[in-house]
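> Residue-level listing of the chains:
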Amino acid sequence: MNDAIQNPLTLAARRSVLAYMATAAVVLLLMMVFGLLMRMTEGQLLPIGPDRFYQIMTVHGAGMVGITALGSAAIMWYFLSQYVKLSTGIFLANLALFLIGVVMILAGVFLGGFAGAWTFLFPLPAMSMGLWGKGAAALFLGGLLLIGTGFLLFYLDAARAILARYGNFANALGWPQLFGRVEGYGPPPTVVASTMVIIVDTLGIVAGASILTMSLINLYVPSFRIDPLLAKNLIYFFGHVFINAVIYKAVIAVYEILPRYTNRPWKANRVFLAAWTVSTVLVIIIYPHHLLMDYAMPQWMLLMGQIISYLNGLPVLVVTAYGALMIVYRSGIRWDMASGLLFLSMFGWTGGVVPAIVDGTIVINQVMHNTLWVPGHFHFYLLLGVVSMFFGFMYYLLKSGQAADTGLDRASLWLYLLGALGFVFSFLYSGKESVPRRYAVHLPEWVPYDRIASVFVALVVAAVLVFVARFLLSLPRLGAARHA
Amino acid sequence: MYQQLAWQVTLILVSALALVFVFVALRARQHADYEPIQHRGYRIRTRFFWALVLLGTPTLLYSMTDLPYAAMRDRGAAAQVVEVVGHQWYWTLSGNTVRAGQPVEFRITSADVNHGFAVYDPDMRIVAQTQAMPEYVNKVRYTFTRPGTYKIMCLEYCGVAHQNMMAEIQVQES
Ligand SMILES: [Cu+2]
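So the protein lines, in turn, are chains A and B. Going by the working numbering, the first sequence opens with residue 140, and the numbers climb by one from there. Going by the working numbering, the second sequence opens with residue 135, and the numbers climb by one from there.
Derived from the structure by calculation, the hints contain no laboratory data. Check before you lean on any hint, since a few could be wrong.
[Claimed, not checked] Not close to chain A: a few residues of chain B, all C-beta gaps over 10 Å, as computed:
id, residue
1, Trp225
2, Pro237
3, Gly282
4, Ser308
[Unchecked claim] Which chain A residues face chain B? A few, computed with CB under 7 Å, are given here:
id, residue
5, Leu270
6, Thr489
7, Val497
No experiment lies behind these values; they were computed from the predicted model shown. C-beta atoms are modelled at their ideal positions from N, C-alpha and C, and glycine is treated no differently.
Excised from the complex, chain B in its bound form (with noise of 0.2 Å):
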């Protein structure tokens, strides 16, 4: 789950900034030379750079191996069709029940101004989502694999009633 992978791995890297910063700030009173000092940390800032470099490059392309954007290019895949509108301040769905195990297309407007289109899961985690926009279509596509009561909220600031723009949708087994 993202969520859960973007919390610790948070959690683990500004902890060891922290404690790097704690490391020097403890050491700061004792006085040394800068000369060696500036000559050292020059070395280990090279190797930190291209440690950095080392992990941070697979990361990045490993993680766009999973872009989400896949719908608003290919049209022939098989999927089930809903279509969104977000108005102040409401949605309407073309349909409100799915099958599990099949992709499912939304495609996804606004009557009035930008809207936020996200889908929660059971637990209330959003499972997927994507800007609601007038004069546009956005289209994302997702394959639900757990049958149940899913929620669709505003995640895009749209007036004074934004908060409660709800709708729900049934997950049905396959």
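Here chain A stands alone, though its shape is the one from the complex (with noise of 0.2 Å):
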């Protein structure tokens, strides 16, 4: 099959990514700084009480999830339309109900004072002790719902793309060539992580929608119960699945922009998609390792949960991260801000990996299970990784309208580097010390690790602003008619 780049994208199209990418550029920033405020809440150096406290946090741990999918989104979407037909009008539905999803959660957080934490674990919303009411709550459930919708339209319109040029996913994932059927390489990768990512996050979505639409119906009508059990299967069913589908999205990047750089192909060969075959299954079934601290759950769940995480590191270092090294290693690179940052996601994914697989081992979960190592392992491969991502293909946006970096993007990329590996490791560090997430106060003996955190993260938060700032005073010229 012909997979040369048949569609370029129309200036409609261009302008549509741009504006993804400026609102997930503007939230994620604003979300960092609310980030920033809970550290330095911690750290005694902000008088900002707990109700405040968590109300930030819900909208912290709920916006970064969202905004990072959308960033993801955009980049899938961007490259994804080199191969198959997307509509234009879908993807900005989906934008359209993103924002009218975060004005209903920023209502219900800061005017409703929901503060439940983006797990609204059942039955929280609705036992508040009187410090929301059903409405705030309400209405954080509600955007929450209505962002999933626009997503799942988004999924929808990229699976009509993909079945009308490949006929049915298993082609799309490449089966036949995978199991020898077919000689040669499958389809493109970006093509391959796209129906993963369609297939794993249409069902988070409505495990998803589920619970959100059962916790709404019981805020009303409280004899309308849900086994809180399930409640969590489903709530880390979804949280999981969602946002891994966000990085599975945004490596896209990776597999699409590093190749340019190094004139080498990164094609689908058979390791390839038996790698992505195997995500695909191992997403699903992952899950249950948020749940090793539920007893009450099957034995063997959890036990699955703990080999699951062991083995769902393997497609990820063997396949993606080496596959880059590879790419890149004696290629005759021009390092740039893409460049850099794309390769630098590669070592904040799989750096990730590391403490994440360390915390899915049961034994270990035990003592280290909802301490900040949690908080800690994930930021190191939603910062350094996703996000980096994210930045790597803005600037690569940035050099296509033929902006040169400059000095103050490269010290940037270095002070984000710093900033983010010393916050993430203080996290660690504080999770070993058995420092417990989610307090909006500390011990004496945890204020330090707060205040050094505070700093790495300021350093952080001042990187990301110049990123965020080139970009948006490029806009108005990468958005030009003439550029497209």
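Each of the two chains sits in its own frame; use the hints to bring them together as a complex.
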């Protein structure tokens, strides 16, 4: 099958991608500032009370998941539209639903006082002890539901487009090549990755939508009870799949951009196809590792949670990270912001896998669960991994607008790396010291860690401010008609 | 101590990964043909894959020999029993003195929302935990070896005074 680029982006499509990226950049920066506020509060550097702290925490959690999902959707859409015909209207509808959802969430939290965390574990939304009302909880849950609906539309359109070109998902995942019925390479990595994401995230969103709907009904009809353990299973299944799909969408930037820098193609050979098929299955069944401290769960599910956590590291390390290293090794690559950030992102992803697998070990989880070790590991691969992919893509767009990197850009990249590493390791170290996550007030002996972390977070925020400013200032030029 | 182990393993493996990335980055600007690199790279990858499998499998199996779930299944075992209920935002315990050297079985549930039950030793290190859930009883068994004052803290976010949920247990000489 000829996979050559068929559909150069129209002006409207290009501008839509820019609108996504601009939204994501601004909200991402704002959420980082919220993160800084939380660390400084724990470090007793700011007089923010627990009620406000937990509101900020709720927005930071839901906001980061949502905004990285939006940014990575733009990456997937931008590259996938080279191979299949996607609808710009649906793409924009997702953005619109997202923005309405964000307004609802912000209103529920900051006007209504909702502070039930992104996890909204049943029955907390309905049992605030008078801190927030039904309306506030309903705005938050409804906002999430709306955002999920937008992403579902986005995936349905992508599924339609892929099916139109490849016939079925098995072809799009490269199964004919994987199982040896057809010689040669599978579809482009972007198509394979997108297909995987469509499959798993549709399931994730359906699970999320069902528990959100049940929680909403429970708010107004308290006699409609939900099994709390079932609720947890649905929430963590949804949460795990949704945030993992963020990484699997964003990594498309690495698959597409690094080969252009090195003139070395990234082909979907059989090992690549096998890795993505395996990941498709693993991502769906791995979520019980969030429930290792729920002793009431069937024990085989918990054991499976650990085993799959160990297995899940293999495709990332052996295929994607290894492939990126091979493509870069002695390639004569020119390092700039885009290539540098994308290369860094592969370290961020694999580096974060290490403390993740450690925490997925049941005996270690028993002393690390819900300590700061947990945000330590996921900030590792979200901040150094996904956010690097995101800004790598952004600088790639800038470059296509013929903007050269400045010394300030490069300095910010190093600052970003330093800040992110320092921040992540202060989280991990605090976890080792048994500091709980999600505490508005820390014991005096924990405060020094929070202050050190705050300094590193401030460095990250400063660096990201430069990235975001650069992009926003270039928007008029990037969106100009003659550029397309 | 598992915390120490987790930290050290993480430091070592992340540093090893960082070295590999630095090594590749430093050689990236030189230019060589891709074909031989791929050829050699795939061979190394196969070895890398099997090394991971050969190291990972025994680690995985060995780590599963010390699971904390036993108390959920076997009843008969002699233990001091402490019934624990989480509330917004306090704990109730059926008793708060236990003896060291003899297993203690905590039976934990919640009267309202999800809480997390974590036992902190006198040095403020977590030694055991499980979730405190409405409608479910989670049982965790722990044998204290050192007398002293231990703390119970909530490790599942449960609302605005979540961080205030603390209780104490006195562990006496056996
Ligand atoms: Cu709590």
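> Each of the hints needs a verdict: does it hold here or not?
We went through each hint and held it up to the structure:
With a minimum CB-CB distance of about 15 Å to chain A, B/Trp225 clears the 10 Å threshold, and the non-interface call stands. For B/Pro237, the requirement that its beta carbon stay farther than 10 Å from each beta carbon of chain A is met, with the minimum near 16 Å. For B/Gly282, the non-interface assignment is confirmed: its Cβ lies about 16 Å from the closest Cβ of chain A, beyond the 10 Å cut-off. Every beta carbon of chain A lies more than 10 Å from that of B/Ser308, the smallest distance being close to 23 Å; the non-interface claim holds.
Nearest Cβ of chain B to the Cβ of A/Leu270: about 5 Å, under the 7 Å cut. The hint holds. At a threshold of 7 Å, the smallest CB-CB gap from A/Thr489 to chain B is about 6 Å, leaving the interface hint in force. Among the interface hints, the one on A/Val497 holds; its C-beta lies about 5 Å from the nearest C-beta in chain B, closer than the 7 Å criterion.
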